[in-house]
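J.: Given only the sequences and the hints, what does the whole structure look like? Please build it.
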Amino acid sequence: MGSDNLTLGKALKFARHDFLNDLQLMLLYLDLDKTSEARKTLMNTTERMRQLSMLEKLRLPETEVWLTTFEWRHTVFSKELQCHITAGERSADDAQVASYLERLINNLKTIVDPMEEYRVRITVNASETHWSIQLTIDGPLKDVPPIPMVENGFEVSEKKQDKQWTFTISGQ
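Quick note on the UniProt record's numbering: the sequence shown kicks off at 1 and runs consecutively.
Worth flagging that the hints you see were computed from the coordinates, not collected in a lab.
In this text, all values refer to a predicted model and were calculated from it rather than measured experimentally.
Mixed in with the good hints, there may be bad ones.
As the list claims (entries may be wrong) - Listed next, with one range per pair, are the computed distances between beta-carbon atoms:
no., residue 1, residue 2, range
1, K34, G153, 43 to 53 Å
2, P145, L28, 36 to 46 Å
3, A95, R39, 15 to 25 Å
4, K160, R39, 34 to 44 Å
5, L23, E128, 17 to 27 Å
6, L42, S78, 16 to 26 Å
7, K34, P145, 41 to 51 Å
8, R48, L6, 11 to 21 Å
9, R119, K34, 19 to 29 Å
10, R48, P145, 23 to 33 Å
What the hints assert, rightly or not - The list that follows gives simulated cross-link-like pairs (lysine-lysine, BS3-like), each with its CA atoms no further than 25 Å apart:
no., residue 1, residue 2
11, K34, K57
12, K109, K57
13, K163, K142
14, K79, K40
15, K79, K10
16, K13, K79
17, K142, K79
18, K79, K163
19, K142, K160
20, K109, K79
21, K109, K142
22, K109, K160
23, K57, K142
24, K109, K40
25, K10, K109
Glycine is no exception: its CB is placed at the ideal position from the N, C-alpha and C atoms.
T.: This is how it looks when you write it as structure tokens:
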């Protein structure tokens with residue numbers, strides 16, 4: 001699904017679907033008397049929801065939506081999110097940050113191999129005065145295109161290794 005097609009209704013539909021899948025998996029484990037697996041699924045789901053809710057403290061609402069809906073719009077990637085956020089005022093243009101991240105991922109999607117698995121670990125760190133979003137993509141990425149030109153108001157960096165590419169965007 002492209003980002004242009006994602007409406008609020010569709011986003012809620014995807015969220016309900018993911019949550020119901022987790023509940024059904026927990027019920028299956030309970031029916032099979034596998035309480036430790038049910039508990040693990042419950043704890044994982046709770047932690048995933050906690051991480052998503054923490055994004056609100058970033059105070060970049062369009063970027064928050066982009067991060068929250070990433071996996072639904074960019075299905076070639078599986079996502080893991082980790083947040084360490086202290087609320088603060090942000091001077092970066094939120095729309096430009098979200099737009100930049102979208103362009104970056106769309107550029108990467110042009111080189112991914114549809115037969116391979118790609119996992120993106122997204123780490124969001126923010127203090128009262130500084131924020132950063134780091135995307136670490138595991139999977140074979142040959143000929144990674146140059147990162148898009150930097151918009152004003154934030155900085156970007158990248159690091160390439162054999163089957164891992166790490167990108168960081170940060171600002172005030």
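J.: For every hint, state whether the structure bears it out.
T.: Structure-based check of each hint:
{"no.": "1", "hint": "K34 - G153: 43 to 53 Å", "result": "holds, 50 Å"}
{"no.": "2", "hint": "P145 - L28: 36 to 46 Å", "result": "holds, 42 Å"}
{"no.": "3", "hint": "A95 - R39: 15 to 25 Å", "result": "violated, 41 Å"}
{"no.": "4", "hint": "K160 - R39: 34 to 44 Å", "result": "holds, 39 Å"}
{"no.": "5", "hint": "L23 - E128: 17 to 27 Å", "result": "violated, 37 Å"}
{"no.": "6", "hint": "L42 - S78: 16 to 26 Å", "result": "holds, 20 Å"}
{"no.": "7", "hint": "K34 - P145: 41 to 51 Å", "result": "holds, 45 Å"}
{"no.": "8", "hint": "R48 - L6: 11 to 21 Å", "result": "holds, 19 Å"}
{"no.": "9", "hint": "R119 - K34: 19 to 29 Å", "result": "holds, 26 Å"}
{"no.": "10", "hint": "R48 - P145: 23 to 33 Å", "result": "holds, 30 Å"}
{"no.": "11", "hint": "K34 - K57", "result": "violated, 36 Å"}
{"no.": "12", "hint": "K109 - K57", "result": "violated, 29 Å"}
{"no.": "13", "hint": "K163 - K142", "result": "holds, 9 Å"}
{"no.": "14", "hint": "K79 - K40", "result": "holds, 18 Å"}
{"no.": "15", "hint": "K79 - K10", "result": "holds, 19 Å"}
{"no.": "16", "hint": "K13 - K79", "result": "holds, 18 Å"}
{"no.": "17", "hint": "K142 - K79", "result": "holds, 20 Å"}
{"no.": "18", "hint": "K79 - K163", "result": "holds, 16 Å"}
{"no.": "19", "hint": "K142 - K160", "result": "holds, 10 Å"}
{"no.": "20", "hint": "K109 - K79", "result": "holds, 15 Å"}
{"no.": "21", "hint": "K109 - K142", "result": "holds, 11 Å"}
{"no.": "22", "hint": "K109 - K160", "result": "holds, 16 Å"}
{"no.": "23", "hint": "K57 - K142", "result": "violated, 36 Å"}
{"no.": "24", "hint": "K109 - K40", "result": "violated, 32 Å"}
{"no.": "25", "hint": "K10 - K109", "result": "holds, 22 Å"}
Going down the numbered hints, you'll see the structure goes against 3, 5, 11, 12, 23 and 24, while the others check out.
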